[in-house]
Amino acid sequence: LMTLPYAMSALAPHISEETLTYHYGKHHAAYVTKLNAAIAADESLQDKSLDEIMKSSSGGTFNNAAQVWNHNFYWNSLKPKGGGEPSGPIADKIKESFGDFETFKKDFSNVASGHFGSGWAWLVESEDGKLKVVGTHDASNPIVEKLGNPLITCDVWEHAYYIDYRNSRPNYIAAWWNLVNWDFANANLASKL
Amino acid sequence: MKVSAALLFALISDKTLAFVCPSGKVTMSAGGGVTRREALETSAVTIAAAGMGLLASSSPVRADGPYYLPDLPYGYEALEPSIDAATMKFHHDKHHLAYVTNANKAVSGKEAVSILDLQKNAIKEGTRNAGGGHYNHSLFWTTLCSESKSGSPSSALSSAINSSFGSMEEMKTKFNTAAAGVFGSGWAWIGVTKDGKLDITTTPNQDNPLMEGAKCTPMIPILGLDVWEHAYYLKYQNRRPDYISAFWNVVNWPQVSKYYEEYASKGAGVPVKG
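Quick mapping for you: the protein sequence lines, in order, are chains A and B.
Going by our numbering, the first sequence opens with residue 1, and the numbers climb by one from there.
Going by our numbering, the second sequence opens with residue 1, and the numbers climb by one from there.
So here's chain B without its partners, still in its complex pose (with noise of 0.2 Å):
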């Protein structure tokens, strides 16, 4: 069977594309899809394995999907004592990567987006469960570090905080009570809103404020805490405010600080390896 290389080509564009090499495996490079070098290569196997009858069609087949588990930007224990190594070790092994195996599910059959574009449309497209799941731990992993590198906010976002809230201790204030108020699961942000301030809003689930139809203020959130039970009952059972204020000890402000510098203030949503 002769596939036209000109259809393959018609097909590959500049944007991301998940393909499959004959493997079975999806390549994906760091920026979540393959380059224009990598997919003309599969393509070109493609074409060879398909004219001899190993493909059962001619256009490219994602396997698991678009997105992927993303590493932690540190060792399991980093965190300790304020958040435990095997926490993280569910948190990131079992639970963020059931999220990405069902968003991969979810958008299976469709064009593939970041996960950060997916978010908008999350509620309407019906992928706000494990797409939101997914992009909100794929943030969440960066926005944490070693207690010793934790560090401060960089000046501009110190003045945001300071214009927003008065002052830093009023902002932590305001946001542990948001995040000890959620009834059941979900999250508490921090993030830019509509006017260009800062300001705190929680989510139930795992939506975020990115999302259309979200309950919540909306906002391009730079930093947020999971409070989903399974974030910290192994270490605190039912006493989430004291994981709320350990929290605070893994900030990585410089991090967080660059989320709002590069994107958040500038109206851009945080993008994510993943």
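So here's chain A without its partners, still in its complex pose (with noise of 0.2 Å):
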């Protein structure tokens, strides 16, 4: 279980300090303990990385391997006071792919909010360099899917959001723009995972 870059309570009042006593010590370890057994009763995992398992991984062992994956990119994707319009190359690449900032707020609002079950909402570089929003589904990524190079995420799962704003996402998603974390997009930008 990778150490979360910031102190539990440092996401309050967008995400509280008992939803990360929840999303980060109980679901996202639950995971990494899963994969764990996973990889202990089977040899031909023992020599593969996170990234390696996952992309050749299917069922449960799958599940828990993109599920760590995809939380340890979430956690990055959030920081203390982070949000606001971003800077950088990322702030460039923006305004290219979608005209301007507010579009692209509302189009991965919309994806996150729309998103039926579930899942994941995703920036993402793809191949000729445009960026794009995604969805995907449980826990499957734009990795997997080789929808793109992923920059940042927003976990759409009810157990990220059902603590702080019940059945409201869209309330989630706007605090969740309060923490999003360009420094992690822009490093992403900088190097294809």
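Just so you know, these hints were derived from the structure itself, not from any lab.
Among these hints, one or two may not hold up.
Claimed, not checked - When the alpha-carbon atoms are kept at most 30 Å apart in a straight line, the in silico DSSO-like pairs for lysine-lysine are as follows:
hint : chain 1 : residue 1 : chain 2 : residue 2
1    : A       : K132      : B       : K124
2    : B       : K235      : A       : K79
3    : A       : K146      : B       : K215
4    : B       : K105      : A       : K105
Said to hold, decoys possible - Derived CB-CB ranges, DEER-like:
hint : chain 1 : residue 1 : chain 2 : residue 2 : range
5    : B       : P254      : A       : E52       : 51 to 57 Å
6    : A       : A10       : B       : A86       : 45 to 51 Å
7    : A       : A30       : B       : K110      : 31 to 37 Å
Where a beta carbon is used, it is the ideal one built from N, C-alpha and C, also for glycine.
With the hints as a guide, dock the two chains, each given alone in a separate frame, to form the complex.
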């Protein structure tokens, strides 16, 4: 289980300490535990990296591996006092691909709030260099679906927001915009994962 | 503008239709549609209103749509402590209502069918999410009750459980495993399969085994358990297995037995209000 890059209370009031206690401390931790158990039981997994396991597995092993990967990416996509408008290369790319930040924000928010069931909303850089907003179901992600290089993500499984926002996923997404870690997005832009 | 009474009467059949009263409210009987008498009364007012130029067209127009949120058959707190009152309130008043609203949007402009009848082709017709959500929850509320009223399966249902699973305990074990194993959002179901036996299956999101093309064992469900996180998160957080165990305390066995005896064992889907 990765170490959180900030205190569990650091994302409040947008995401509460209580949510992090469960989301990081229980859900994410459980994916790690189950993945480790799968690896222990299967020699062929033992030399592989998380990425490799994720890209080559299926069923329960895939679900756990991908969810570990996705949550690692999610915690890094957030930072205390983050949010606001981006700066650096990501800002230019957003303007290039969406016209302006507000249009991108609306697009991303629609995909995130409209996603049916469990899943994730992502900003990705596709092969042709353009940025796109995509949604994935359950444990899936743009890496395994070959949708592009992920830059930032928002978890829309209900466990990500139910404690703080109950059924109101749009309110959670509005809060998420206050935490977006544009440094992480810039770093991802610079390195193809 | 004169509206042909013959035209209007041709539109009214013995099938249930949703009409808008000039006030804008949809009048519904418990069966989910208007009675002939209500429809005829409404149409008389409609004709008059049309004659006065108050309506843009002379054909019946749906307001929200044919579906509505059925009341819970008990208070929010009735399933405590197994399922908490806050969850019941959000689950019914917010989540289920959203499915009703969206189901009505999804069928807008189409001929109204009961929510049960909508399920078969829901995947083909693109109504699986909201239409499935509305049916699943409408059925769900009726299969739950306060612990004191939970009772036990009828002798017919008991026999079926024993012959299909070995025993009640074995059935519960199989169900619990299935329900705990649903990854992401979905449901676990007990139902009657084509060979007349009981079986257990799961579906993702708001799909159900009545839907053609659903990735599950086809069956007529008599009891389902919602394992979307919204169904248990407030009280159980990540502890879904605890929720599943507690669920058995509040199963309305007399109602589930009725669903088995009167519908599923005869090859018919269980109708619901809504």
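Hint by hint, here is what the structure shows:
Between A:K132 and B:K124, the direct Cα distance comes to roughly 29 Å. Compliance with the 30 Å bound is thereby established for this hinted pair. For the given pair, B:K235 sits about 28 Å from A:K79 by alpha-carbon distance, which is consistent with the 30 Å threshold. Between A:K146 and B:K215 the alpha-carbon distance is near 24 Å, which keeps this suggested pair within the 30 Å criterion. Restraint check: the Cα-Cα separation between B:K105 and A:K105 comes to about 26 Å, which is no more than 30 Å; the hinted pair holds.
For the pair B:P254 and A:E52, the beta carbons lie near 54 Å from each other, so the given range of 51 to 57 Å is met. At about 27 Å, the CB distance of A:A10 to B:A86 disagrees with the hint of 45 to 51 Å. Checked against the hint of 31 to 37 Å, the pair A:A30 and B:K110 fails, with Cβ atoms roughly 43 Å apart.
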